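Work out the full structure: start from the sequences and follow the hints.
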Amino acid sequence: MTAIDTQMPARIGSLSNARVATILFAVAALIAIAKPILPDGLIRLPDWMILPWAPWLQAMFDFVREDLGLIYVTRTITAGLEFVLDTTGNILYGKHRWPYLGPISWASIVGASGVLGYWLGGTRLALIAGGTWVWTAVIGQWELAMETMSVIVVAAPIAVAIGVGMGIQAWRHRRVEVALRPILAVLQTLPFFTYLLPAVIFFKVGPTAAAVATIIFAIPPMILMTTLGLKKVSPDIVEAGQMSGSTRWQMLRHVYMPAARTEILVGVNQVIMLCLAMVVLTAFIGMPGLGAKLLAMMGSFKLGRSFEIGVTIVLIAVMLDRLSKAWIVKQPVHFEKGSPWSQRHFFLLAGIAAFVVLALLAWVVPYFHEVGRRQDLSMGKEIDFAIKWVLDIDAIQATTQWLRWFLNTKVLIPFRDSILWLPTPSAILLFSAAAYYVGGLRSALVIACFFGIVALTGWWDRSMITLYTVISAVILATILGIPLGIFASRNEKWSGRILLACDTAQTFPSFIYLIPAIMLFGVNDVAVIFSILIFAMVPLTRYTIEGLRGVPVELTEAADMAGSTRRQKLMHVQLPLALPTMAVGFNQAIMFAFFMVIIAAFIGTQDLGQELQRTLAGNELGKNFVLGTCVSVMALAFDHVIRRWVTDRKSALGLD
Amino acid sequence: MKNLKHLLGATALTAALAMSGPVFAEDSKDPIIIPIHNWSSQIVMSHAVGQILESLGDNVEFVTTDSQAVYESVRLGDVHLELEVWEGAFGKSFRDALEKGGLHDAGDHDAVTREDWWYPMWTKEACPGLPSWEALNECAALFATPETGDKGRYLDGPVDWLKHGKERAEALGLNFTVINAGSAAALWAEIGAAEKDKKPVLVFNWTPNFAEAVWPGEFVEFPKWEDGCDKDPAKGPNADALYDCGNPAEGYLKKAAWDGMKDKWPQAYCVLTKISFTNPQIAQMAKLVDVDEQEPEEAAENWLAENEGVWKPWVEACPS
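Protein chains in written order, with our numbering: chain A, 1 to 656; chain B, 1001 to 1320.
Note that these hints are calculated values from the structure, not bench results. Be aware that one or more of the hints could be misleading.
[Claimed, not checked] Below, a list of computed lysine-lysine pairs in the DSS-like style, where the Cα atoms sit at most 30 Å apart: (1) B/K1196 / B/K1100; (2) A/K623 / B/K1312; (3) A/K410 / B/K1166; (4) B/K1274 / B/K1264; (5) A/K410 / B/K1196; (6) A/K388 / B/K1254; (7) A/K388 / B/K1100; (8) B/K1151 / B/K1100; (9) A/K410 / B/K1231; (10) A/K623 / B/K1199; (11) B/K1166 / A/K623; (12) B/K1312 / B/K1262; (13) A/K381 / B/K1287; (14) A/K388 / B/K1196; (15) A/K410 / B/K1151; (16) A/K623 / B/K1100; (17) A/K330 / A/K232; (18) B/K1196 / A/K381; (19) A/K232 / A/K388.
Quick caveat: nothing in here was measured; it's all calculated off a predicted structure.
Next up, the structure:
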């Protein structure tokens, strides 16, 4: 026995990864070819192997909820959170709660934001900050926007606080970091439909559940960036701190945190963007404002008004993004000792002044307090007409009809059928072979284990359809997104534009393009893949641009001197060096695709997303968790392999 | 003194009880939370009822929720009532929650609901045998798409509405592939896309609904629903299959209430049990928003102003 144990790894060790991968691949192919003579139990798992996970999980959930009393704990937290949300609700949109002061007139917020923008980034940011709010008010969405903001202004700071706290713990204690990693990965990959019911049960439907869901979704990058920032603090600074006799708290507060400022603020920026990305989805569990209105508009087929709401969300996201980025770049201003208080706090005073003056103006002119229902400039009907007109252009219709026919019958359906045709063991071996090629035995075992879990839940076919949709969308996104990124990286102006387009595509609520996608392609996989594609292209393009622009100048210059053509330089110098960064983008694209494929259930799919949607009728939590696990482990499998590849690649290139 | 007056008033009211119905303790000042979903009639109706309750002196707040998950919230007392429980789409969630306890049936609306296979009028020109379901097979090719080959395609409602379109197509031997749309919006997009070229489409639809005003159309007439058609294969034309009937043409539209509502807001609860909207009223409320482009709050206000005769009696039946 021991002899075999010691022999096995040695033998595998003597073979290269590629060799073993080939052998595994061959076995997989053999099983597939032998399908007609295989017993049924080897094609799909026999029923007796599929355990009743759903009722078990349901029982476990009920136990945790009632017997362990988790619900009482969460409901206590909810009460506190509700008080804070009620307060911001009162101040921002006049909810009838303590302190009975609000709502603040929109003009005041425009003024104060304008001053803040000016302080952070001059006239341009002042215009962006003030202009966004002016648009929101005159288009008639002020109250909606404030309802949304009343939750975000609470959720974002809490996410930042918890994220920084956990990030510090993870940096202090290696064990915490190791324990956190898988938890974060699962949180990020669990499908939205799985969060929905627990959030409602534990945290009360309404702004509280919405805030909690948003916080959970937004925390991970904050933790990661905090840990990263603290790790990078240079030992010189640390020593200086220790020599001046700082306590541990002082070290953290005055040495580590300021030194890690940039990373922490990047985390803050990510938190804000993720909070805005959740605005529409959380409307299903009680997020008030823009998202809820958007869902209602979509329900009655009003494309124009939905579009306007989408624009508002993007504007707010871009504004907050630019403001927070300006804050990252802005270094603390140093004042001469003895300069008067008013000089040190000039902008604070100016902001307060603008706020008060405009509040008084709003008191005199009601328009500046609230734009009435008939005073707004909404052009919903006109935009509606324009969108439908564009979608009706014959050339567009003809193209999409052809695409629908071609992609469905020639590409997607054959691909789906073949992935479904594969016997389960053969498919698992195939995935493991790919993993072995990249990361060796350990990766292969991890992947086999993950897909083994999927097979054991009994949802193999549905999972394979989800997988097929994700793979198809990501391949298309790669074909389109990477050349776009390469093109954009050639000059400053274009990369700016394309990156702005990326920001827009990322925060523009995906729900809005579900409808045009259906009108163009009908309810089928093409529409599903199209809507995932838009979302998945964003990280691919973004990271391609960043990867290519990050290639050290000395290397491109060396290539120029060696007389290489632009093409040669790209293929042999820039792309290989940018590849690890691009792979991070690829990984993100896959994660986004797994996220969107579930949302695409709103178009109509036949995969796990559809089953998840089905569990909502009758609150079948157990089954919901099982399905959520399937999505999560498949996403984690990709995550594992790609990360492994990036690490190896980076060390091979000497980049880390 | 004040107490005495109170007491006298109470006695007087008790005396009047025999004639004018029950008398209630005062409603709590805590807000009554009404859930709103993503279709217009429900939103306007919720606002209308909210405004009626406010006129009684109650505080009312609204919260947007998913239309299936809401029953769990009513059960837990996080929201306190639900005004549109559709027999077809939400019956299961409602019954499951009822079984677990915490919410109860607060009476039916006068309105009846119908949810079934539907087509816009232009479809009939291409397939004149409609609305009889027997015409469907002859016309199947008209409804074919690249994905379905030579079979027709029927776009059913979202899976969580539990519509059993597939089972019916099989039971009645229809040469149709049944695809599930993911949301109501997907159904509208499909009809909207077919509108320009007057392409025949067959989709799931229901009434009362705004779509009737935008796209005139008809339901397919399937074999009439018999009780037990979903449980007893013998019912319906196919003796070996379930679901071989149309959906009930007169499904219920209920209200649901949290069990605690009765004690906490007795008067509001009483009004809730009296509330009953009719099909034309619901269609009209939806129209104010969907066609006339009013905001839901505004539409509710206008509707209440024009229909005092309808809702005043509900309030008068529940004296404070």
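Here is what the structure says about each hint:
1. A threshold of 30 Å between alpha carbons decides the hint, and for B/K1196 with B/K1100 the separation of about 48 Å lies outside it, so the pair is violated.
2. For the proposed pair A/K623 and B/K1312, the alpha carbon gap of about 46 Å is over 30 Å, so the pair is violated.
3. Taking the CA atoms of A/K410 and B/K1166, the gap is near 26 Å; set against the 30 Å cutoff, the hint holds.
4. Using a Cα cut-off of 30 Å, the hinted pair B/K1274 and B/K1264 holds, with the two alpha carbons roughly 17 Å apart.
5. Of the pairs offered as hints, the one joining A/K410 and B/K1196 holds, with about 27 Å between alpha carbons and a cut-off of 30 Å not exceeded.
6. Our distance criterion of 30 Å between C-alpha atoms is broken by A/K388 and B/K1254, whose separation comes to about 36 Å.
7. Restraint check for A/K388 and B/K1100: not satisfied, since their Cα atoms lie roughly 46 Å apart, outside the 30 Å limit.
8. Only pairs whose Cα atoms come within 30 Å are accepted, and B/K1151 paired with B/K1100 is rejected, the gap being roughly 43 Å.
9. Only pairs whose Cα atoms come within 30 Å are accepted, and A/K410 paired with B/K1231 is rejected, the gap being roughly 41 Å.
10. The straight-line distance between the Cα atoms of A/K623 and B/K1199 is roughly 39 Å, outside the 30 Å bound, and the hint therefore fails.
11. Taken as a hint, the B/K1166 and A/K623 pair is honoured in the structure, with Cα atoms around 22 Å apart against an allowance of 30 Å.
12. Taking the CA atoms of B/K1312 and B/K1262, the gap is about 21 Å. The hint holds against a cut of 30 Å.
13. Taken as a hint, the A/K381 and B/K1287 pair is honoured in the structure, with Cα atoms around 16 Å apart against an allowance of 30 Å.
14. Restraint check for A/K388 and B/K1196: satisfied, since their Cα atoms lie roughly 10 Å apart, inside the 30 Å limit.
15. Using a Cα cut-off of 30 Å, the hinted pair A/K410 and B/K1151 holds, with the two alpha carbons roughly 18 Å apart.
16. In summary, the hint linking A/K623 to B/K1100 is supported, as the alpha carbons are separated by about 18 Å, within the 30 Å threshold.
17. Proximity of A/K330 to A/K232 is assessed by CA-CA distance (about 20 Å); at most 30 Å being required, the pair is judged to hold.
18. For the suggested pair B/K1196 and A/K381, the alpha carbons sit about 18 Å apart, so the restraint of at most 30 Å is met.
19. For the proposed pair A/K232 and A/K388, the alpha carbon gap of about 53 Å is over 30 Å, so the pair is violated.
The structure shown violates the earlier hints numbered 1, 2, 6, 7, 8, 9, 10 and 19.
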